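Enquirer: The primary structure of each chain is shown beneath.
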Amino acid sequence: MRPGSIIYFLREAFKSLSRNRLLSIATISTVAISILILGFAVLLTINAGALMNYLESDVEIVAFLEKDLTKSQISDIKQDLTAITGVKSVNFVSREKALDKLQESYGGKEYNLKETLGKNPLPNSYEIKANNPHNVPQIAAQVKKIDGIYKVNYGQGVVERLFKVTHWVRIVSMVFIVLLVFAAVFLIATTIRLAIFARRKEIYLMKLIGSTDWFIRWPFFIEGVFLGAVGGLIAILILAAGYGSLINHMDALFFLPLVTDPGILSNVYISLMICGAVLGVLGTWISLNRFLDV
Amino acid sequence: MLVQFYNVSKIYPNGVKALDDISLKIDRGEFLFLMGPSGAGKSTLVRMLFREELPTRGQIFLASRSIVRMKRGEVPRLRRNIGIVFQDFKLLENKTTYENIAFAMEVVGASSKDIKERVTEVINMVGLKGKEKSFPGELSGGEQQRVGIARALTNYPLILIADEPTGNLDINTSHEIMELLFNINRAGTTVIMATHARELVKSAGKRVIMLEQGRIVADNPPGEIFL
Chain D
1 MRPGSIIYFL
11 REAFKSLSRN
21 RLLSIATIST
31 VAISILILGF
41 AVLLTINAGA
51 LMNYLESDVE
61 IVAFLEKDLT
71 KSQISDIKQD
81 LTAITGVKSV
91 NFVSREKALD
101 KLQESYGGKE
111 YNLKETLGKN
121 PLPNSYEIKA
131 NNPHNVPQIA
141 AQVKKIDGIY
151 KVNYGQGVVE
161 RLFKVTHWVR
171 IVSMVFIVLL
181 VFAAVFLIAT
191 TIRLAIFARR
201 KEIYLMKLIG
211 STDWFIRWPF
221 FIEGVFLGAV
231 GGLIAILILA
241 AGYGSLINHM
251 DALFFLPLVT
261 DPGILSNVYI
271 SLMICGAVLG
281 VLGTWISLNR
291 FLDV
Chain W
1 MLVQFYNVSK
11 IYPNGVKALD
21 DISLKIDRGE
31 FLFLMGPSGA
41 GKSTLVRMLF
51 REELPTRGQI
61 FLASRSIVRM
71 KRGEVPRLRR
81 NIGIVFQDFK
91 LLENKTTYEN
101 IAFAMEVVGA
111 SSKDIKERVT
121 EVINMVGLKG
131 KEKSFPGELS
141 GGEQQRVGIA
151 RALTNYPLIL
161 IADEPTGNLD
171 INTSHEIMEL
181 LFNINRAGTT
191 VIMATHAREL
201 VKSAGKRVIM
211 LEQGRIVADN
221 PPGEIFL
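Going line by line, the protein sequences match chains D and W.
Straight run, no breaks: the first sequence in this note's numbering ends on number 294.
Straight run, no breaks: the second sequence in this note's numbering ends on number 227.
Simulated from the structure, these hints should not be mistaken for lab results.
Since the model is a prediction, treat every value here as computed from it, not as a measurement.
Just so you know, even glycine gets a beta-carbon here, dropped at the ideal spot from N, CA and C.
Errors might be hidden in some of the hints.
If you want the footprint, here are the derived chain W segments under chain D, 3+ residues with CB under 8 Å [stated by the list, open to error]:
1) 102-108
2) 170-181
To give an idea of the interface, some chain W residues facing chain D are shown, with a C-beta separation under 8 Å as derived from the structure [what the hints assert, rightly or not]:
3) 50
4) 52
5) 77
6) 79
7) 80
8) 84
9) 111
10) 218
If we strip away everything but chain D, and leave its shape as in the complex, we get:
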């Protein structure tokens, strides 16, 4: 491509933008709304994913120890537990600590649990976390086999159901996003088709004069990238402002943790902006080709 052509393409693209101002605004709005909806869905998915991770990471195994074990037996069990593949951490909880925890969760300082109970009825225990929470049931089965452990608890039944739910939440949100992308492409392509339709005579003439398809395409692509990027930028500004204020106000309202990592968020915003530009080009490509068939 000659440098003269690049200048020509840029000049043509921006001439067309200012000449078809109303259609340019329509395209920018379409892209902005599409990206806004898409961005909203992406943020929702990321937060749902974080919530799923959070819920899953809470899954742990509690192994209760028999009452009359010696100190060395207790530490032997710890070694056995650590040796199981997939175990991330093993944490000893003494009977006294277990009672303190119970005291804390039931009523705090208002009741004196220790006095009411008299003798501490709780056993010593180990809390075991898995590298992958999905392996908890298998690990629990192995833990149960170790001598000196009389009971294993990991929320049997509930955990399996939780995993089923998180699995489906992840799939549904991915499908939702893919569908939204398709809808956005269709919507943007339709708007751009209007802009191209207004110039079909020009395109037809260019074809008959002997201009190559790419020579005709370039100015339209530059236009598409520009409109898409501007639309994307507007969308992420709205999205960032909205999500920012949500983070500030929601902290106090809900126990659910929102994703606030600026690294993740800026990645999301940059991707959405690129997505806008790509949608602009894609929409142009789809709409333009039929007019080039002369």
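Fit chain W to the given chain D structure using the hints.
Expert: This is chain W only, laid out in the frame that chain D set:
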């Protein structure tokens, strides 16, 4: 031979037979009229030359190259050798005379220096000096067609194809446009003109091909009196 048609037929998907077994040769430098009533196949025939239409059967050659077998990517080069003049002028309303003509060179990637030189030249050639900055809406029909002809000429075509170029013009203006086309032909460009204006054809003394229902019914050589 510049143009050769061998047993060309065109049947549209709706079953209409636009051309029926047409064979035809056109020499370099010729001026050829295509005559016939509406629907005789004149437009279909000329559109095949710049490959807007492809034949259902048969072969077409331009300067010994098959237009039919040509790949899509080779079509732009074919069209750069052909200038097209339309009945409805097909000027871009938002461009001036100068810009409309320069457009034809811009879209094939000519340099701005070449464009300036050549556009000034063709504007003088078609007699539009002084109208460079006028928009099509400010020009008469005859002047608009001159812009159309100038645009078709800018890229030094081998052939100028004119499909009913006087169809929207009065008789005096038509004669002026014919005079311009004859001059272009005298300068060496082959001209093919489809028309049903018998008056213009009669006085011209050029080769005339008569089409009826997609068939050639007469091929009068130049100089022969055409009635």
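Enquirer: Each hint: holds or not?
Expert: Hints versus structure:
no.: 1; hint: 102-108; result: holds (count 5)
no.: 2; hint: 170-181; result: violated (count 0)
no.: 3; hint: 50; result: holds (6 Å)
no.: 4; hint: 52; result: holds (6 Å)
no.: 5; hint: 77; result: holds (7 Å)
no.: 6; hint: 79; result: holds (3 Å)
no.: 7; hint: 80; result: holds (4 Å)
no.: 8; hint: 84; result: holds (6 Å)
no.: 9; hint: 111; result: holds (6 Å)
no.: 10; hint: 218; result: violated (30 Å)
Taken one by one, the earlier hints fail for this structure at numbers 2, 10, listed in ascending order.
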